[in-house]
Amino acid sequence: MGRTTTPVTNGKLKIQMNGNNFKSAVCQKNGYDNKLQINGRANGTGPPSGKRLFQGQESFEQAPMYVAVMTYLGFGLVTLFGYFRDFLRAVGLEKCHIAKERDEQKDFVPLYQDFENFYTRNLYMRVRDNWNRPICSLPGPVFDVMERVSPDYNWTFRLTGKTIPNVINMGSYNYLGFAENNVDFLKTVAERVQQYGLGVCSTRQEMGNLGIHQELEELVAEFLGVESAMVLGMGFATNSTNIPALVGKGCLILSDELNHTSLILGARLSGATIRVFKHNNMQSLERVLRDAVCSGQPHTHRPWKKIMIMVEGIYSMEGSVVCLPDIVALKKKYKAYLYLDEAHSIGAVGPTGRGVTELFGLDPSDVDVLMGTFTKSFGAAGGYIAGKKELVDYLRSHSHSAVYASAMSPPVTEQILRAMRCIMGLDGTTIGQTRVHRLAENTRYFRSRLQEMGFIIYGNDDSPVIPLLLYMPGKVVAFSRAMLRRKVGVVVVGFPATPITEARARFCLSAAHTKEMLDKVLFDLNEVGDELCLKFSQRKYTSRPKEQHHNNNDLNKDFKQDSL
Amino acid sequence: MSQLAMDLECANFSPQAPAYHLILEGILILWIVRLLFSKTYKLQERSDLTEKEKEDLIEEWQPEPLVPPVSKDHPSMNYDIVSGPPSHNIVVNGKQCINFASFNFLGLLDNERVKQKALASLKKYGVGTCGPRGFYGTFDVHLELEDRLAKFMRTEEAIIYSYGFATIASAIPAYSKRGDIVFVDEAACFSIQKGLQASRSFIKYFKHNDMEDLERLLKEQEIEDQKNPRKARVTRRFVVVEGLYINTADVCPLPALVKLKYKYKVRIFLEESMSFGVLGEHGRGVTEHFGVNRLSGQGYCFSASLPPMLAAAAIEALNIMEEDPDIFSVLREKCEQVHKALQGTPGMKVLGESYAPALHLQLESSSGSRETDVRMLRRIVDYCLEKQIALTLARYLDKEERFLPPPSIRVVVTVEQTKEDIDRAASCIREAALSILK
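Protein sequences appear in the order of chains B and X.
Position 276 (the first sequence) corresponds to 276 in the numbering used here; numbering is contiguous.
Count along the second sequence from 1, add 1000, and you get the number used in the numbering used here.
Derived from the structure by calculation, the hints contain no laboratory data.
One thing to keep in mind: the hints can contain errors.
Claimed, not checked - Each computed DSS-like pair below joins lysine-lysine, with the alpha-carbon atoms no more than 30 Å apart:
(1) B:K95 to X:K1177
(2) B:K305 to X:K1072
(3) X:K1219 to X:K1151
(4) X:K1265 to B:K306
(5) X:K1177 to B:K249
(6) X:K1072 to B:K389
(7) B:K515 to X:K1123
Said to hold, decoys possible - Which residues of chain B face chain X? A few of them, derived with a C-beta cut under 8 Å, are:
(8) D129
(9) W131
(10) G177
(11) G199
(12) E206
(13) M207
(14) L246
(15) V293
(16) I307
Just so you know, even glycine gets a beta-carbon here, dropped at the ideal spot from N, CA and C.
Please model the complete structure; the sequences and the hints are all you need to start from.
In structure tokens:
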């Protein structure tokens, strides 16, 4: 499985990590190469052949200079207009729509400072029809979007009552296609609703510990290959309530630059010192680690109590995969602990869907704390945290959510049980495996076609999250609206979540997408890309041998929902 | 003529300015040269360590274990296992019991209508929403639920979160930022404390339900404000209280609070997880209980939205609450019954208002050590479980709570409990107390 063919470049290609010219195989050029290979084979928990499974390439091509200039110009223009409009509003020429205080409270300190809201008022409001789009069907590979109109330029919305049916869904996190409403598949879930009702009305420690919760925890532990696991009702809260239980004052957290809000909140609530290292950059991490161990705590220079490295499996905004073998080697050398957040990677990567540890052929017990969510690949809600038995026992008694938050709802628990059994093949079918393979195929196909077309996409070749760079604020909005008109639902992300010059569209592929759906999306992307001049890439790819030529009529057909 | 004069004046001025400038610029250039050639130093790096010393330090350093060992008989280690649904008749650790421990006040957990609606939603939407609200995770059921909640609570708008604990913990930092001031009741629950910690504002605690203490703090703040009026104009002030406190089972004095609000210009944050659906003639909560008006609030969230079948169930529950407001007076009656029945339990006192559906039973006199107290209460709970009454200890994170409430047994009242059940439970608890607390 060697993927070492390098594309032909014309000199303008620049990769952001490691400063090397090209990352041909993950983590090969940073000095840990030889040792790593030996460790990989000696562990013996990888595939029997001992070959490294993962040879994916990551690329973060930079756009030509004029794109950055135009982006800044665009923002500058919009800001100027914003000031102008604010002036008009102050003078009274323009109506002011923002939420106003009641009369009795006119002399209270205002809830929102005018300046803080500048961005929301003048930039976000104008284009906010691209977010929070309500849907009224299953969030499967196709869905029905509810039509909204705004009489006052997006300040308020009104639902017309009509829906846009059968829009292809490229935005929901439905990696293995478990967001389904097939009556047979959901039979056990329906039974649980009948039997248990919807809620639990208590916390895990009081009267909320149901037998099925324990069943689920055992299954999760088996799935991941660890000793023990604990499940919680919300993925976000899994991070924000458990990290404070693991580290506290006097400990050090080394967090990746692009970590998710839940990790950052958990780290802040814990009271530990936080230091950030550059995204996926092993030299930066090693430097920070060395510094920390040698210098100790600031001012007092006492040694740190614990050092914890927090990383994610797949970073959802970049599509990059963490350099896990290197991090494990570093953590062993410096005796730090590793917290791996697999929200997007569990179920979505790895030959049998076990996540990044399987992808790299590593032993899951090398990672101290494995955390993940059930929202993305299992079509349910909630999160888990897993590891050694002592760790999970400690968390059962000291985690904030075990003591204060209600337990997971029974039908949701059942859904996770059945989805996990399906992936593991325990239900006697190969549906799970087929889906994992189909997701991998869809990913490879979609990515290579996008690159051929000339778009700039970020991330690892094996990651089902595909950010497509749009850069300019106007194009971001035009892209989203144009794609919706063509019945493709995309997600676009802009400034606060991404750097200001790197606005992007993010595609989340699913095992439930058929090849026809993907081809339609690609066809539309091609057209919209040409209309809006989005093909910034300067790499030249040899195109794949042409497939049988699709009839345009084929591509315009309506994709009905899977009414099973 | 005047032009010439002006030119001459300029010519006169010019020789003087450059000398002054030249000296200044010369000093600046010398300073730059010095900066360029001086050694740079970083505050964090200990550059006086050699490589070998660094290696030694790395070798020697031993971190603490990731988690400290937990003893086997730690009270929170052994969960009570519930097999089957946590309804009125609950099976705890293999024994069939009457449920006095799950927060199922209106008995809606077992309601057929709610279940049917949820099943219909399951057939249509599946289980999960696969995304946050911003990215196609907003379903029509969410919008409907928010609409209905706003109408029910008589506010302008409502917003739902997917996790109870996270709601107030996310809402507080959305409004109150660094530099703002928050006045909080001491008995506030843990999620409020976490929300306050995340907000990085100044926190001032006032004694539980003590309006005079709060007024004292507000007056002090006013004096501070007068010293620095510019800063005062931009500092927001909030008061956070609960409608029905989960830790002490009593109600906040809302009318007095509203008076203080207008006098000192603070905004009120009302946490009603216990009083929603309980207090007030129509279950609208503590504001209806006292006859006070609400104002609007908005917030935002980074997490996957609520599964649609739970939202559908909530809508149906709201329907039931609206159709049959008698249910609240029934609940109140039962609360009074339980409250009365538990009075006079030897060695224990009942904490909470007579209309509060979740009471605390505390020891009248503590033994001095929290551990012993907890163990005695646990024995009472076990005795009751044997006699088929399901109770539970109120759980807290001992080290993390700011004002740790004393150990207690939580007794929950639901509309499904009959008079016989209540009498049985009361006599069982009395027996337990007599035999264990002698």
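Checked hints:
no., hint, in the structure
1, B:K95 to X:K1177, "holds, 29 Å"
2, B:K305 to X:K1072, "holds, 25 Å"
3, X:K1219 to X:K1151, "violated, 36 Å"
4, X:K1265 to B:K306, "violated, 45 Å"
5, X:K1177 to B:K249, "holds, 22 Å"
6, X:K1072 to B:K389, "holds, 12 Å"
7, B:K515 to X:K1123, "holds, 26 Å"
8, D129, "violated, 12 Å"
9, W131, "holds, 5 Å"
10, G177, "violated, 10 Å"
11, G199, "holds, 6 Å"
12, E206, "holds, 4 Å"
13, M207, "holds, 4 Å"
14, L246, "holds, 7 Å"
15, V293, "holds, 5 Å"
16, I307, "holds, 6 Å"
When held up to the earlier numbered hints, the structure conflicts with 3, 4, 8, 10 and fits the remainder.
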